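J.: What follows is each chain in one-letter form.
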Amino acid sequence: MSAFVEITDVTRVFGPKLTLGERIAAKLGGNVETRAVRAVSDVTLSVRKGETLGLVGESGCGKSTLGRAIAGILPPTSGTVTIDGAPVMTDGTKATTRVQTVFQDPFASLDPRMKVGHTVAEGPIAHGLTTKATARRYVADWFERVGLDPTWVERYPHQFSGGQRQRIAIARALAMQPDVLICDEPVASLDVSIQAQIINLFLELTRDLALTSVFISHDLSVIQHVSDRVAVMYLGRIVELGPVSEVFGNPVHPYTEALFGSVPKLVLDADELVQFETIEGEVPSPLAPPTGCYFHPRCPYATESCKKVHPVMEPIHDNRSVACHHYDAILGKTLGD
Amino acid sequence: MSDPVLSVRDLSTHFFTRAGVLKAVNGVSFDLARGEIMGLVGESGSGKTVTGFSLLGLVDAPGRIVEGSITLNGVELTTLSEAELRARRGREISMIFQDPIATLNPMLTIGQQIKLAIDAHERVSPRAAQARATELLTQVGIPSAAARLRAYPHEFSGGMRQRVAIAIALLHRPSVLVADEPTTALDVSIQAQILAQMRDLARETGTAMVWISHDLAVVSSLASKLAVMYAGRIVEAGPTARLLRDPHHPYTAGLIASLPAMAKPGAPLNQIAGSTPSLLSLPQGCPFAPRCTHASRQCTTDPDMTQQGDRQWRCFHPLGQTAKEPA
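Taken in sequence, the protein lines are chains D and Y. Numbering of the first sequence is given in my numbering, commencing with residue 1 and proceeding in unit increments. Numbering of the second sequence is given in my numbering, commencing with residue 338 and proceeding in unit increments.
Hint data in this document are derived by calculation from the structure and do not stem from the laboratory. Only a predicted model underlies this, so the values are computations on that prediction, with no experimental measurement involved. Treat the hints with care, since some could be wrong.
Lysine-lysine pairs mimicking DSS-like chemistry, simulated, CA-CA at most 27 Å apart [said to hold, decoys possible]: (1) D/49 <-> Y/601; (2) D/49 <-> D/17; (3) D/265 <-> Y/601; (4) D/17 <-> D/94; (5) D/17 <-> D/27; (6) D/132 <-> D/94.
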């Protein structure tokens, strides 16, 4: 299958607003960029048509920033994102309606003063997918599709629970008839039983509508459940990429291995004393990332070369790649088991 | 079992709002032995946090403990004056919260805050307080502790702040610590560090814990027994592993089955239909009945708690091999 969404060398830097003096100093070659954060650093990635790519990592790893760059909400500092060959953004503005986003907080993503039916109809009317005359019917159909009562279009957001609001947010995104759906932590703020409802809805809709999607989450079990392939991010870089069953079954990057080890598992054996496998230390500040491999200060496999040379993504075989100098050591270990 | 350090009987905490009486906690009972960790799990609005607040006497108007008793080290807490409660809070029972940024005072250094916590219950020299604070921070895994005492909370990461909050809560070696989702706001790698540390600290100090969480996996790795809350009451309780392996209440079973880890990747998850009822207008009888696939006409009356060995459940139609339907 060929790549549908192409992300090429995307970097996003967040810098402070420079004062006039600093701007002049910068022009004259002064060093004023030191406070800039590279939220996403040289990410190259592709999403195939119809697949769900999981994007996983801890807070501050750049997964949401990357998601926003793919969604055409945030222009990358450098690099390009294309869907089916056409750029998502031109001159810093979104150039397509083919990609839509569902956000984490269904309380912030719906206008509290607008009837939810209007919120959902606004985009499709503006882009000629429906007309004012037929909008009501159009929206009601989408409501039904996401499991909401079509008569609820007249209600306001505060009349809905968190799970229902997330359904409305999904209806709003899908009513634009996108080819690509970006889901940024869509279930993180929901209760477990409601989370299951929304995940099932997502699985059903992506299958029935043949959507290509990027699913961002910090929750490994959710990612494992919904994704076809998964990309693991650490401090703005992708460190491991591959089919979800292979990455979860056999992680080869030391960070992925340690991250999976940190996740508490449901303990069903009373005699078992859980050994927490902990990664030492904390994620370094993105303002002052370590030299070489960003993970080396916390990595049990780190050697001198890791402090100096930043490892690039290398293919292990057809569909897996990893950014690590010592992945063969872990690969050998897991294969030897 | 030896005498419990904490014993809660029929605790009910209601909020008297303009919209009506909100029954946040509705007849909760449990015992906690010395050094024991109990997981209190439930979804948002199930009453687990209000239960925790009630234990420390921290429920503010319009809320009030309307019924029940809380006995800590043999002393009834619900009838104590605010001053008497204050003398116990932090010394005999303490609490850590989900959001450590809200717990710590942004205007004081970490050292000053620890000193305040020491002074609240003991008289020590500044030098001794300093030494104690350094020791505490080292104990919870904060590197170069002596220097960090001069830092302000904003200079600490989320994980570090939570460690400070834990250090302060355990300062006077309380008999009971109420932990309200203390790792929910943290990343998994930091969460694992803190869970490991809490378990060790509990063992060293003999502090018993009520660990409040919505995350079954977190609780299962820490707690020896579990209580599952739904709509203000405990619907099932028992030893952790057996309860999770063989749940008797349909709500517990539904909750476990809806975890993505319990399903084949990509397959539909087991979902509980509907959503939690409003605490202002609970359905008559069992509050879970409207969402329950096993509900019958009998469920319009309120089921009592059934006790069988160390397992308890509040259901007319319990599941599992070990539960038998009451006659």
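J.: Can you confirm whether the C-alpha distance between residue 49 of chain D and residue 17 of chain D stays at or below 27 Å?
T.: Not satisfied, since the Cα-Cα distance of roughly 39 Å exceeds 27 Å.
J.: Given the proposed pairing of residue 17 of chain D with residue 27 of chain D, does the C-alpha separation stay at or below 27 Å?
T.: Given that 27 Å is the threshold and the Cα spacing comes to 15 Å, the pair holds.
J.: Take a quick look at whether residue 17 of chain D and residue 94 of chain D sit within 27 Å of each other, Cα to Cα.
T.: holds (23 Å)
J.: Quickly compare the C-alpha distance for residue 132 of chain D and residue 94 of chain D to 27 Å and report which way the hint goes.
T.: Holds - the C-alpha atoms of residue 94 of chain D and residue 132 of chain D are around 24 Å apart, at most 27 Å.
J.: For a C-alpha distance cap of 27 Å, please report whether residue 49 of chain D and residue 601 of chain Y respect it.
T.: holds (23 Å)
J.: Check whether the Cα positions of residue 265 of chain D and residue 601 of chain Y lie no farther apart than 27 Å.
T.: holds (16 Å)
Violated hint for the displayed structure: number 2, the only one.
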